[in-house]
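> Given next are the chains, with one letter for each unit.
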Amino acid sequence: MTQELASSRSVSIAVAGSGGAGAMTTGNLLFDVAAKQGWFGTLTRTLGPQIRGGEAAAMVRLTTAPTSSPDDFFHVLLAIDWKNVERFAAEIPLTSDSIIISDVDGGDVPEVISRSGAKIVQLPIAKTAKQIKQGRPNMIALGILAEMVSLPERTLSDMLEKKLGRKGQEAVQSSLDTIKLGRELAADLPVVAKADFEQPAPGERMVISGNEAAGWGAIKGGIRFVAAYPITPATEVLEWMSSALPKLGGSLVQAEDELSSINMAIGGSYGGIPSLTATSGPGLALMTESIGLAVASEVPVVIVNVMRGGPSTGLPTKSEQSDLNIAIYGLHGDAPHIVTAPMAVEDCLFTAQWSVHLAESLQAPAIMLSDQFMGQARAAVEKPEEIDFGTKREVLTEGVEGYERYAVTDSGVSPMAIPGLPGGQYTADGLEHSPTGTPSTQDAHHAEQMDKRLRKLTEFDYADHWAAIEGDGDIAIVTWGSTTGAAREAAERLREFGINAKLIAIRLLSPVQPEKMAAALAGVEKMLVVEQTHSAQFFRYVRAQYDLPCQAKAFNRAGPIIIRPGEIVNEIKNWS
Amino acid sequence: MNQAASDIALVASDYKSGLKPVWCPGCGDYSVLQALTKAMASLALKPEDVAVISGIGCSSRIPAYTSTYGFHGVHGRSLALSTGLKVARPELTVICTGGDGDGFSIGGNHFMHACRRNVDITYIVMDNQVYGMTKGQASPTTDPFWDSALTPGGTGVSPFHPLVIALASGANFLGRAFSGDPKGTAAMIEEAIQHPGFSFVQILSPCVTYRPDQKDWRNKVRPAPVEATSDPARAARRLMTDDGFNIGPLYRGEREPFKLNQNNSSTETYDFTGQFEV
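Residue numbers (my numbering), protein chains in the order written: chain A, 1 to 576; chain B, 1 to 278.
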């Protein structure tokens, strides 16, 4: 039990199984117990398209310091069974140092898995589970893994009590007994990680998914009305908000489609209530016409778009960053709007709150681009700090004679009358209009209103929230969204190799920040643009929108195989 | 509006913005504007507490011609805008307006779902059986043999029966009015606004430019021969056999309206941290 397999700072474990095998339960419990014990980390999941059941794998990375990056490979793959594992074998990279644990009665290890050269350990998983009344193989798996990660019994039994207690004491005891047998089965296996936590984290650790964090951040920002149409992988944002909103006097309505949900949100916001909808690519495509309406009528609204692989129905359960183009360029006409992107699970909280702040302050639609990888991942993180942006919509407080809803102001923002205010009556309009809102086809009105709508976005102070800039050096890794985690870890590893790499991860995709980017790129000779798209959308965007004083190269790949830090390191090391 | 001003009874013209409509001379929609403003005056609604919402089309220009709050949105989505506004701000009176193309073609799905959702809003459709703003194409309520440049010889497609669809989908008040009778139309709108839940009023509003034949509607319309019923089965039978020219309230439903949250304020706080502690 002394073999040091993983680095002391990080271990990655995948738990696979067919539908009903409980692989996700094993992964989630392992993750929660580890988080309770003090580990940081991320749990991602890969799923097939099945409605219920089908193949599933929980992919856990535990680390001693906060990270949002995946590792390059998994130290341990535990398969409760091998059904359909070939469908996502490529998502679980293994090396000859890895350990594969499978059921001795579960058949041979499939070639796609065994060709990694990893050490194979076959254990009587199902048979041992049968020794316990109602014992389940996935609890044997949990026992094995708990032993391999040195998770104390007490922390595990407390967690089981908390999570399974509602099923009755008998179920909890049966699980604990099964886990104990699993621990015994692991007696001859190496300990893959042992963190020096003297005691469980003192209540400061939090486990949250990106979708939950987005919903929570939006509520912190002031969202009190949501219109919803379900779509994978965004539905959890809406479901979480549905039960959260009533606690604050807010409400959620299920719409008949995305054409409706975006318009309901615009309607609610026109009524003065900060409003939001959440969707994914196909839904965003349906919404684009009405997002243009929000631009023209200057109604704040937030659209959380959790990206999946496209085009069309694409890969609904798999991550990609390929809605970048439609989010930035998808509206017809010249339609200045805000596009933001969180960089990690916990950053969904900050970026959602900030997106509400921007939409409300600028009376414009804000599209926040999250993705399946971070949306449906669970992260063990520190509790967030309270942030107050001082979000306040500029409203008309008293009726005035000849009120101009679309008055041309220096900032571009004009006070908005909220229905109910006497003397503020106006008609919001998607037609081009004069300052009073009266429809107009005059070139002067079109020009001044276009300028106003652009100016309010370009003149705004986005502070240093527009990007995360870390480190210094003549090589920059430029990225956005969930690939930031891998890019950050790659930069750290490069520094250990003596290569000074700078990370530039962009949170504000639109409007662009030319001066800030120029400052960030000062002294940079080479930039590697990292993204999860097939056509290098972000690379093209960076090249089109910014003056680049350096060589630029794309490192891009379509989903669902996520980009891992070692690949970025190699890409830079091999760039001569 | 201060107290003194609100004590002065408003008349129909107070609900007009004074903006000159884009409509053709003789358009039925002028009378609908007259009826709508008359109904609001009669109900003594405060203009600031009313929102008139629309989509795209000739009749959808109506919000800017009122002195209330208004929203002229995109084509076909007026009911979604209206629903969002009413759910977020239940205390407002929300009146959704538009034409037959906007409401029944591009907005057809929202029409059905607005009926079944039964949010307390009033939907006024000025039905002239033609797309006027795009200069004369067939709409869902157009006769199948009506000739147009886009569909020579007619669409060959049976017309949509909005009132039947609305009833089947769960609307709570149904009525048909004729713009040539502004007084009757105003009374109908007044009742629709007061009726709880989703109220739908189909107003026959002739297009003198592209459907000059509709001048004859004046001779075809007649008061509905029987009182409105609250029995959906009976209403369905009547509507299925009516020729489209019976005028008056046709159905007064008793469904419970969509439950509205009365407290969409952003001032309350709640700490969700506990939900995520491990």
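Just so you know, the hints here were simulated from the structure itself, not pulled from any lab data.
Mixed in with the good hints there might be a few duds.
[Said to hold, decoys possible] Counterexamples of contact, computed for chain B against chain A with all Cβ distances above 12 angstroms: (1) H72; (2) A88; (3) R211; (4) F272.
[Unchecked claim] Sample of chain A residues lacking proximity to chain B, with all beta carbon distances greater than 12 angstroms (derived): (5) A227; (6) A265; (7) D472; (8) W575.
[Stated by the list, open to error] Ranges between beta-carbon positions, derived for each pair: (9) A/D451 x B/P257: 52 to 58 angstroms; (10) A/Q545 x B/P257: 47 to 53 angstroms; (11) A/E386 x B/V157: 57 to 63 angstroms.
Backbone N, C-alpha and C define an ideal beta-carbon position, used for all residues, glycine too.
> Determine for every hint whether it applies to the structure shown.
Evaluation of the provided hints:
Interface exclusion of B/H72 from chain A breaks down, the closest Cβ pair being 5 angstroms apart, not more than 12 angstroms. With a cut of 12 angstroms on Cβ distances, B/A88 falls inside the contact zone with chain A, its closest approach being about 3 angstroms. Against chain A, the non-interface label of B/R211 holds: every CB pair exceeds 12 angstroms, the least being about 25 angstroms. Not every beta carbon of chain A lies more than 12 angstroms from that of B/F272, the smallest distance being close to 6 angstroms; the non-interface claim is violated.
Not every CB of chain B is more than 12 angstroms from the CB of A/A227 (nearest about 6 angstroms), against its label as outside the interface. Interface exclusion of A/A265 from chain B breaks down, the closest Cβ pair being 6 angstroms apart, not more than 12 angstroms. Every Cβ of chain B is farther than 12 angstroms from the Cβ of A/D472; the closest lies at roughly 35 angstroms, confirming the non-interface assignment. Against chain B, the non-interface label of A/W575 holds: every CB pair exceeds 12 angstroms, the least being about 41 angstroms.
For A/D451 and B/P257, the Cβ-Cβ distance of about 44 angstroms falls outside the hinted range of 52 to 58 angstroms, so the restraint is violated. The given range of 47 to 53 angstroms is respected by A/Q545 and B/P257, whose C-beta atoms sit roughly 49 angstroms from each other. In this structure the hint that A/E386 and B/V157 lie 57 to 63 angstroms apart at CB holds, the actual value being about 59 angstroms.
Violated hints, in rising order: 1, 2, 4, 5, 6, 9; the structure is consistent with all others.
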